[in-house]
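Asker: Given next are the chains, with one letter for each unit.
There are 2 protein chains.
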Amino acid sequence: MDAIVHFKPTDLDITVEAGLGWEALNDYLEDYRLMFPVDPGPGATVGGCVTNNSSGTNATRYGAAFANVVSLTVVLADGTVVRTKKRPRKTSAGYNLNGLFTGSEGTLGIITEVTVKLHVKPKVERVAVVPFKTIKDAANSVNEFLISGISLNAIELLDDKMMKCVNDSGETTRKWTQAPTLFLKIGGSNDEVVKSTINQTKEISAQHGSLDFQFASNEDETVELWSARKVALWSTINQGKLKNDDIQLWTTDTAVPISQLPRYLVEVKKTIDDAGLENTLVAHIGDGNAHSFILYHPEEHAKAERIVHNIVKKAIELEGTCTGEHGIGYGKIDLLEEELGLIPIDVMRKLKLALDPHRILNPDKVFRMDPNKKLE
Amino acid sequence: MDAIVHFKPTDLDITVEAGLGWEALNDYLEDYRLMFPVDPGPGATVGGCVTNNSSGTNATRYGAAFANVVSLTVVLADGTVVRTKKRPRKTSAGYNLNGLFTGSEGTLGIITEVTVKLHVKPKVERVAVVPFKTIKDAANSVNEFLISGISLNAIELLDDKMMKCVNDSGETTRKWTQAPTLFLKIGGSNDEVVKSTINQTKEISAQHGSLDFQFASNEDETVELWSARKVALWSTINQGKLKNDDIQLWTTDTAVPISQLPRYLVEVKKTIDDAGLENTLVAHIGDGNAHSFILYHPEEHAKAERIVHNIVKKAIELEGTCTGEHGIGYGKIDLLEEELGLIPIDVMRKLKLALDPHRILNPDKVFRMDPNKKLE
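Chains A and L, in that order, are what the protein sequence lines are.
Residues 1 to 376 in the UniProt record's numbering are what the first sequence spells out, letter by letter.
Residues 1 to 376 in the UniProt record's numbering are what the second sequence spells out, letter by letter.
The shape of chain A in the complex, shown without the other chains:
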């Protein structure tokens, strides 16, 4: 289930079996200077990316899985095999079944083959690392990048505690300023374009009080500068484990409209800090999507749960979502109800029953099949 089924580089798409890993796919595409832009955690399959509507650091430029599906082969509950589309890059031919199956978490059918859009890797891509005095300064700077129409390929934020964690981990070759820091990918089709964009980015950052502006002048430095972003999650876990082997990690996944980010991020951190739990923050800040990594001892589970609920509630109040990219599963069924209300979920339930009347595909995931029954 991990074969490449059809590939013609000049079509900028590829058809693969659903079990192929997104990293293996990108390794394969390397020679062609092409990429599948969805980059969730390591180990995910391309089919998993689609069924979960995954994204990652590239989504701010290339969109989530949803925006990159051309066609799907799906086995329905009754065994019918559906091929949703042929391979046009653009079509208005009938209902967009791609849009329905993408993100349905295996509840409407089992995806066995996917055709996805590919993107041309920027001929030149450099990383800039920009620490700020406060998260608010960093977030305001991002708002201005976006409003200025500067085309950045990734816009990530790590908070001061995360930067300390990365330093303590010793997993990168350099020591970083322990301040809220933006990691930017700046790409283009030639050196001139990239250089000019770097200068504009630097200027805006300075206007918002950046403490420094390091950028990679070659490929090796690019990899080195991005390394801190890459080790972020694991360095938090390792740091926790050093202190206590029982330590648990809770990852949040809220997203809010981008103008709300500065105040939202400040409030999220305060909420967790006030509860006395260690935490770090990584945000796909260009999409308004933030992950707090919260460390807690098993006996603090109820407290952690309460805090996370408050963080999600705040996101929903600001017209955001309980999950930017991780999905609902069983864990966020109640939060989904809080976010959307019961009416859209009733619509989802009708669609589910139309395609899976015997409820055999991931029943009670995303929403309860019986709206009156609470899960155990």
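Read the hints as simulated data drawn from the structure, not as lab findings.
Do not take every clue at face value.
Copies of the same chain are indistinguishable here, so a pair counts whether it falls within one copy or spans any two.
[Said to hold, decoys possible] Straight-line alpha carbon distances no greater than 27 Å define the calculated BS3-like cross-link-like pairs of lysine-lysine that follow:
(1) LYS314 with LYS117
(2) LYS365 with LYS243
(3) LYS8 with LYS313
(4) LYS123 with LYS136
(5) LYS121 with LYS195
(6) LYS202 with LYS123
(7) LYS123 with LYS195
(8) LYS8 with LYS270
(9) LYS350 with LYS365
(10) LYS314 with LYS365
(11) LYS270 with LYS117
(12) LYS136 with LYS230
(13) LYS161 with LYS136
(14) LYS117 with LYS136
(15) LYS123 with LYS313
(16) LYS136 with LYS8
(17) LYS202 with LYS121
(18) LYS8 with LYS314
(19) LYS136 with LYS270
Position chain L relative to chain A; hints supplied.
Answerer: Chain L alone, transformed into the frame defined by chain A:
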């Protein structure tokens, strides 16, 4: 039904009532240097753009309506009002109802309010006009722009006959080379970026035998150069009417995978020419989407229909679609069956019946409610 409901420029989204025109919306956004990128024919409403999954010249860069919907308010057949999402730019919270309603042509519900993504207008945008000896040269040049990762904001092709029509119409201030011609929009956040991209584009065009490369050095010239693209459709109609007031126009809307375009476009033109019908061609060539404008007398209707069917059949053979952006309606129901087969249409029918069991919303549009009954 054409009010602006909510607008916060820094969120890069806007909520409007469905009856607002896409042009009025863009006029409103002008002051903020923002744009709603979907640009179908004049007069369409934003709600219509969504329900039809429209696109236009900007889709190659910003995607079709589908990629630009944040949230919808939809009235279902039973009167229920659904708000599909809140306003996060990215979410994996439950089924993507936006993806289902977008492009469903009013068969699943009536869209009354939409929140759409806005894009920042490029600070600098210039138009280049590039005639080639053959359509194949032009199409090959486009393939190389795409593969080179050059970021163009629009990539349009007009064939030699269309260029002649534009000249004959007298509706633009200059006379154009009567050859297959690319119209390119090249944008960026500053002059340097745009200039550098123009140079790269010019170089690739020359490698593919471009006959000329005119580009606008200021705003006025930009508007002037784009004018020929703008009058294309109407100039064909007017040209036809001059000869015979009864003349009819048939517009095709096929799309094929982009590597297939050079041979496909050549074949399409040959098919129509061989039948002795006047025709011009405009293609959203960056998306593989082509419109032939075919002129015919009322008594040639059957012939025109047969030719169009052959053009669509060829697109489907090449894994393309019978409609890139115009939708199915009643007219393309049989073509949709040819394109996808009966299985995906059965799935659509199940979804339709789940949401509209009494079949009151646009019944028999997109597909027949009764699969065994042919329409009159």
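Asker: Now, for every hint given, state plainly whether the structure supports it.
Answerer: Here's how the hints hold up against the structure:
Proximity of LYS314 and LYS117 under a CA criterion of 27 Å is satisfied inter-copy only: 22 Å between copies versus 35 Å inside one chain copy. Taking CA atoms no more than 27 Å apart as the test, LYS365 paired with LYS243 passes in neither setting, with 35 Å inside one copy and 64 Å between copies. Taking CA atoms no more than 27 Å apart as the test, LYS8 paired with LYS313 passes between copies only; the shortest distance there is 21 Å, against 46 Å inside one copy. In this assembly of identical chains, the alpha carbons of LYS123 and LYS136 lie at most 27 Å apart only when taken from different copies (26 Å versus 33 Å within one copy).
For a Cα distance limit of 27 Å, the shortest separation of LYS121 from LYS195 qualifies both inside one copy, at 17 Å, and across copies, at 21 Å. For a Cα distance limit of 27 Å, the shortest separation of LYS202 from LYS123 qualifies both inside one copy, at 21 Å, and across copies, at 18 Å. When the C-alpha separation of LYS123 and LYS195 is checked against a cutoff of 27 Å, the pair qualifies both within a copy, at 13 Å, and between copies, at 17 Å. In this homomeric assembly, LYS8 and LYS270 come within 27 Å of each other (Cα to Cα) only across copies, at 26 Å, whereas the closest approach inside a single copy is 51 Å.
Taking CA atoms no more than 27 Å apart as the test, LYS350 paired with LYS365 passes in both settings, with 14 Å inside one copy and 21 Å between copies. For the identical chains of this complex, LYS314 and LYS365 are intra-copy neighbours only, at 24 Å inside a copy versus 42 Å across copies, given an alpha-carbon limit of 27 Å. Proximity of LYS270 to LYS117 under the C-alpha cut-off of 27 Å is found in neither arrangement, the shortest distances being 40 Å within a copy and 30 Å between copies. When the C-alpha separation of LYS136 and LYS230 is checked against a cutoff of 27 Å, the pair qualifies only within one copy, where the shortest distance is 23 Å, while the shortest distance between copies is 44 Å.
In this homomeric assembly, LYS161 and LYS136 come within 27 Å of each other (Cα to Cα) only inside a single copy, at 15 Å, whereas the closest approach across copies is 57 Å. In this homomeric assembly, LYS117 and LYS136 come within 27 Å of each other (Cα to Cα) only across copies, at 24 Å, whereas the closest approach inside a single copy is 35 Å. For a Cα distance limit of 27 Å, the shortest separation of LYS123 from LYS313 qualifies neither inside one copy, at 42 Å, nor across copies, at 38 Å. In this assembly of identical chains, LYS136 and LYS8 lie within 27 Å of each other by CA distance solely across copies; the values are 19 Å between and 45 Å within a copy.
Within a single copy, LYS202 and LYS121 get their C-alpha atoms as close as 23 Å, and across copies as close as 21 Å, so both meet the 27 Å cut-off. In this homomeric assembly, LYS8 and LYS314 come within 27 Å of each other (Cα to Cα) only across copies, at 19 Å, whereas the closest approach inside a single copy is 46 Å. With identical chains, the CA atoms of LYS136 and LYS270 are at most 27 Å apart within one copy only, with a shortest distance of 13 Å there and 61 Å across copies.
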